[in-house]
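Here is how the chains run, residue by residue.
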Amino acid sequence: MSSAVEIQNLKISFPKKQILNGVNLSVNKGSFAALIGANGAGKSMLIKAVCGLQKFTGNIKILGKDLKEANKNLIGYAPQNNTADKNSPVSVYQAVSVGRFAKNGIFKKFGEEDKKIVDNAIRIAQIEYIAASPLGEISGGEAQKVSIARVLAQQPEIILLDEPQANLDPNSQKTFLNFIEKLYLSFKFTCLMVTHDIDMIPKCCEKVFMLKDGKIVLDTDNKDIKQKAREYGIY
Amino acid sequence: MEFLYNYFFIKALAASFFAGVACGIIGVWVYLLNIPFVGVAMAHTAFAGAILGLFFGINPIVMALVFCVLSSLTIGPVAEKGNFSPNLSTGMLFAFMLGFAFLFMGKLGAKTSEALSFMWGSILIISAGESFLLALIAVIIVLFLLIFNKGIISVIYNRNIAFACGIPERFIFYSLLTLCAVTVSLNIKTIGGLLIYSLITIPPASAAQITKKLGRLYVFSVLFAVASCVLGLFMSYAFDLPAGASIVIMSSCIFALTIIYKKISGEIR
Numbered sequence: 001m002s003s004a005v006e007i008q009n010l011k012i013s014f015p016k017k018q019i020l021n022g023v024n025l026s027v028n029k030g031s032f033a034a035l036i037g038a039n040g041a042g043k044s045m046l047i048k049a050v051c052g053l054q055k056f057t058g059n060i061k062i063l064g065k066d067l068k069e070a071n072k073n074l075i076g077y078a079p080q081n082n083t084a085d086k087n088s089p090v091s092v093y094q095a096v097s098v099g100r101f102a103k104n105g106i107f108k109k110f111g112e113e114d115k116k117i118v119d120n121a122i123r124i125a126q127i128e129y130i131a132a133s134p135l136g137e138i139s140g141g142e143a144q145k146v147s148i149a150r151v152l153a154q155q156p157e158i159i160l161l162d163e164p165q166a167n168l169d170p171n172s173q174k175t176f177l178n179f180i181e182k183l184y185l186s187f188k189f190t191c192l193m194v195t196h197d198i199d200m201i202p203k204c205c206e207k208v209f210m211l212k213d214g215k216i217v218l219d220t221d222n223k224d225i226k227q228k229a230r231e232y233g234i235y
Numbered sequence: 001m002e003f004l005y006n007y008f009f010i011k012a013l014a015a016s017f018f019a020g021v022a023c024g025i026i027g028v029w030v031y032l033l034n035i036p037f038v039g040v041a042m043a044h045t046a047f048a049g050a051i052l053g054l055f056f057g058i059n060p061i062v063m064a065l066v067f068c069v070l071s072s073l074t075i076g077p078v079a080e081k082g083n084f085s086p087n088l089s090t091g092m093l094f095a096f097m098l099g100f101a102f103l104f105m106g107k108l109g110a111k112t113s114e115a116l117s118f119m120w121g122s123i124l125i126i127s128a129g130e131s132f133l134l135a136l137i138a139v140i141i142v143l144f145l146l147i148f149n150k151g152i153i154s155v156i157y158n159r160n161i162a163f164a165c166g167i168p169e170r171f172i173f174y175s176l177l178t179l180c181a182v183t184v185s186l187n188i189k190t191i192g193g194l195l196i197y198s199l200i201t202i203p204p205a206s207a208a209q210i211t212k213k214l215g216r217l218y219v220f221s222v223l224f225a226v227a228s229c230v231l232g233l234f235m236s237y238a239f240d241l242p243a244g245a246s247i248v249i250m251s252s253c254i255f256a257l258t259i260i261y262k263k264i265s266g267e268i269r
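Same order as they appear, the protein sequences are chains A and B. Quick note on the numbering used here: the first sequence kicks off at 1 and runs consecutively. Quick note on the numbering used here: the second sequence kicks off at 1 and runs consecutively.
This is chain B alone, in the form it adopts within the complex:
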């Protein structure tokens, strides 16, 4: 238990907790709005932004954040103007950003290994400032959920109906996308660009196996995301494994357990 007194481990543990809270809630929105591509597209957008940051010598996290927020504010309007599903505009964004990322990666030279660390993540070397940012975004997401819960329920229920009866549907929808963008970009260093997508999609999917109530879906999704992060971190520390990969493996194990639980005991109502 000596590692619990290790400064790096404590910072990583705190970061895991806040990443879990943020991803757990964001994941429920992505799951219920049926826009699973958003997670993966944002992850690659953050990756492209970080690589561009490295290339020009700008803080990669800041560039990832700028790229993600701009993209989140583009997906909705592009889909609306083009009269197609947000999933299609998200898919196009994903493809473009992936190409963009690899275009600049080929020109990074000695910085390529640092760029690759944004794919896998390295939660154990996270700075105190980065941990604070993760805490901040987790608090903002929880506050947004509490303050705008009625609007979020309306948008999840039916976006057209919400808009037709005067609920600020567009503000809510774009805010959800932006919060998703910020969460993904801030987690690119902890969980990694390739793996953060799993942490957004798997916990709500696991939660949906054992409950069909909205409130409980949030609770279970956050619990599973936090458990994945914390247990993954312990696994990584104990067996000297990559942290991001360990977190995703834990998340997948929890999903498997919820499937088994559902088969054995039915859904909790």
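Here chain A stands alone, though its shape is the one from the complex:
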């Protein structure tokens, strides 16, 4: 099976600290993978590097193309912190529409088809009741769902989720996890999810990468993942 995301010898460093030191990983097209590691391991940095938001050395390929040449709208990115400024007048509907702007480019007319896709993404994410609300007035959990809806509206080939359960209470975390799983099973996109919480890895996840000391220490399937994580001192 071909790789959707392929990372080779990825290194990220700050003047006095090496964050990632030669990370290699590959996520197959249409598969769900999770990247786990303790807080501060560099998981979010890795995701940001794949999005072009973080400087790095090494190689990142997106659907076989070098990151610099790859079409960036093939990647849907849901960052860890989605909470907007309390003064933000951008509505939930406008925020979800950003996914369409990314897909079509900013000059194409926002047509009926785009409206349907945005409406559908809002319905799937169950945020119809706040569609007209400004982002500054919604909760952290709702902002997380808005981010997912925006990514869905973008219809990307690859979805990168950075701690999607952040800002959610324990009950909402489980509901949200089921939601992500349903989405994946319905749309079969490629997904790389970052989490520090092993309980948040969905059943549909086929591959788990464990990140420790700047390297991938284990590249495995989802079976007995807690036990494996304990063995490697991650959980």
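Keep in mind that the hints were calculated from the coordinates and are not lab data. What you are looking at is a predicted structure, and each value in this text was computed from that prediction instead of being measured. By construction, the Cβ of each residue, glycine as well, lies at the ideal position given by its N, Cα and C atoms. Just to be clear, a hint being listed does not mean it is correct.
What the hints assert, rightly or not - Heads up, simulated DSS-like pairs for lysine-lysine below, C-alpha to C-alpha not over 25 Å straight-line:
#: 1; chain 1: A; residue 1: K103; chain 2: A; residue 2: K65
#: 2; chain 1: B; residue 1: K263; chain 2: A; residue 2: K109
#: 3; chain 1: A; residue 1: K11; chain 2: A; residue 2: K68
#: 4; chain 1: A; residue 1: K86; chain 2: B; residue 2: K213
#: 5; chain 1: A; residue 1: K116; chain 2: B; residue 2: K262
#: 6; chain 1: A; residue 1: K203; chain 2: A; residue 2: K188
#: 7; chain 1: A; residue 1: K108; chain 2: B; residue 2: K213
#: 8; chain 1: A; residue 1: K11; chain 2: A; residue 2: K212
#: 9; chain 1: A; residue 1: K72; chain 2: A; residue 2: K188
#: 10; chain 1: A; residue 1: K86; chain 2: B; residue 2: K262
#: 11; chain 1: A; residue 1: K17; chain 2: A; residue 2: K215
#: 12; chain 1: B; residue 1: K263; chain 2: A; residue 2: K86
#: 13; chain 1: A; residue 1: K103; chain 2: A; residue 2: K226
#: 14; chain 1: A; residue 1: K174; chain 2: A; residue 2: K223
#: 15; chain 1: A; residue 1: K115; chain 2: B; residue 2: K213
#: 16; chain 1: A; residue 1: K68; chain 2: A; residue 2: K215
#: 17; chain 1: A; residue 1: K212; chain 2: A; residue 2: K188
#: 18; chain 1: A; residue 1: K188; chain 2: A; residue 2: K207
#: 19; chain 1: A; residue 1: K11; chain 2: A; residue 2: K72
#: 20; chain 1: A; residue 1: K115; chain 2: A; residue 2: K182
#: 21; chain 1: A; residue 1: K61; chain 2: A; residue 2: K212
Stated by the list, open to error - If you want the ones that stay clear, here's a sample from chain B, every Cβ over 12 Å from chain A, calculated:
#: 22; residue: F9
#: 23; residue: F17
#: 24; residue: V66
#: 25; residue: A115
#: 26; residue: E130
#: 27; residue: I140
#: 28; residue: I152
#: 29; residue: F163
#: 30; residue: G166
#: 31; residue: T178
#: 32; residue: A256
Fit chain B to the given chain A structure using the hints.
This is chain B only, laid out in the frame that chain A set:
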């Protein structure tokens, strides 16, 4: 009402209108991108440029424009290279330009009073060509908003997300800064370097008191900025007061009224 037929007053009225439109829209961008320092830093950069222009005998407005545009194209990259907030690079620019302006002001001699007029503004003696430039920049800003609205919404929503999903975030952000720079430098003679900052920050802040919708924020911000300019001009003419100061006082009064309105009737949704 005789003054309405006065050529100088008509020119000033037109300039007020276009300055209000430009500052009203620019102000919304500055407010929503959370870069309030940009207005004040650009104003002082324009002031420094104008003083340098006077010193070397070059058109002060042209020098203000050159200084502001170069600065606007520096703020973003400096912040990115240094890995700090654009507010910090803007703050440093403000401090440097203020020092630069006063350095040359001390050497201006007889031209010092002309230099000071760039601090307070003098809209009543604006030339037809300057009024035309204000109209031109207002039209460019409105066109930019209409053409790049989707990109602007994306950048206001989240700059990182816009960049990550392939929206030309840097082009939009730097264009907004450049338009802000041009607006400030062209208004240095009308509103004045010290006061233009108020016209960029107060109208959107007033608008935000009564609405939380992006489209209405633009509309109210422009309305309040135009009202501040036009009413300030009438006040200046009627009571023989400095125009720039009158405009800012009007702008502040409108802000106070919106606060009262918010308290009495709640927000318009």
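To see whether the hints hold, each was checked on the structure:
The suggested pairing of K103 of chain A with K65 of chain A holds, with an alpha-carbon distance near 18 Å, which does not exceed 25 Å. Note on K263 of chain B and K109 of chain A: the hinted pairing is violated, with a Cα-Cα distance of about 40 Å set against a maximum of 25 Å. Taking the CA atoms of K11 of chain A and K68 of chain A, the gap is near 17 Å; set against the 25 Å cutoff, the hint holds. For the suggested pair K86 of chain A and K213 of chain B, the alpha carbons sit about 13 Å apart, so the restraint of at most 25 Å is met.
With a CA separation close to 36 Å, the supplied pair K116 of chain A and K262 of chain B exceeds the 25 Å bound. Between K203 of chain A and K188 of chain A the alpha-carbon distance is near 14 Å, which keeps this suggested pair within the 25 Å criterion. About 23 Å separates the Cα atoms of K108 of chain A and K213 of chain B, which keeps this hinted pair within 25 Å; it holds. Only pairs whose Cα atoms come within 25 Å are accepted, and K11 of chain A paired with K212 of chain A is accepted, the gap being roughly 13 Å.
For the hint pairing K72 of chain A with K188 of chain A, the CA-to-CA distance comes to about 19 Å; that is within 25 Å, so the pair holds. With a CA separation close to 17 Å, the supplied pair K86 of chain A and K262 of chain B stays within the 25 Å bound. At roughly 14 Å between alpha-carbon atoms, K17 of chain A and K215 of chain A fall within 25 Å of each other, so this suggested pair holds. For the suggested pair K263 of chain B and K86 of chain A, the alpha carbons sit about 19 Å apart, so the restraint of at most 25 Å is met.
A hinted pair counts as satisfied when its Cα atoms are at most 25 Å apart, and K103 of chain A with K226 of chain A does not qualify at roughly 38 Å. Pair hint K174 of chain A plus K223 of chain A holds up; C-alpha atoms about 19 Å apart against a cutoff of 25 Å. Proximity of K115 of chain A to K213 of chain B is assessed by CA-CA distance (about 19 Å); at most 25 Å being required, the pair is judged to hold. Under the criterion of a C-alpha separation no larger than 25 Å, the hint pairing K68 of chain A with K215 of chain A is consistent with the structure, at around 23 Å.
Proposed proximity of K212 of chain A and K188 of chain A is contradicted: the alpha carbons are some 29 Å apart, above 25 Å. Proposed proximity of K188 of chain A and K207 of chain A is supported: the alpha carbons are some 15 Å apart, at most 25 Å. Straight-line distance between C-alpha atoms of K11 of chain A and K72 of chain A comes to about 21 Å, which keeps the hinted pair within the 25 Å bound. Between K115 of chain A and K182 of chain A the alpha-carbon distance is near 23 Å, which keeps this suggested pair within the 25 Å criterion.
About 22 Å separates the Cα atoms of K61 of chain A and K212 of chain A, which keeps this hinted pair within 25 Å; it holds. Here F9 of chain B stays apart from chain A, with its beta-carbon at least about 36 Å from theirs, past the 12 Å limit. Every CB of chain A lies more than 12 Å from the CB of F17 of chain B, the least distance being 25 Å, so the non-interface label holds. No beta-carbon of chain A is positioned within 12 Å of the beta-carbon of V66 of chain B; the least distance is around 29 Å.
The claim that A115 of chain B lies off the interface holds: its Cβ sits roughly 37 Å from the closest Cβ of chain A, which is beyond the 12 Å cut-off. For E130 of chain B, the non-interface assignment is confirmed: its Cβ lies about 33 Å from the closest Cβ of chain A, beyond the 12 Å cut-off. Non-interface call for I140 of chain B relative to chain A: holds, since the shortest CB-CB distance, roughly 18 Å, exceeds 12 Å. The claim that I152 of chain B lies off the interface is violated: its Cβ sits roughly 9 Å from the closest Cβ of chain A, which falls inside the 12 Å cut-off.
The Cβ of F163 of chain B does not lie farther than 12 Å from every Cβ of chain A; its closest approach is about 7 Å, which violates its non-interface assignment. Not every CB of chain A is more than 12 Å from the CB of G166 of chain B (nearest about 3 Å), against its label as outside the interface. Chain A leaves T178 of chain B outside its interface by the beta-carbon criterion, the shortest separation being 18 Å against a cut-off of 12 Å. With a cut of 12 Å on Cβ distances, A256 of chain B stays outside the contact zone with chain A, its closest approach being about 19 Å.
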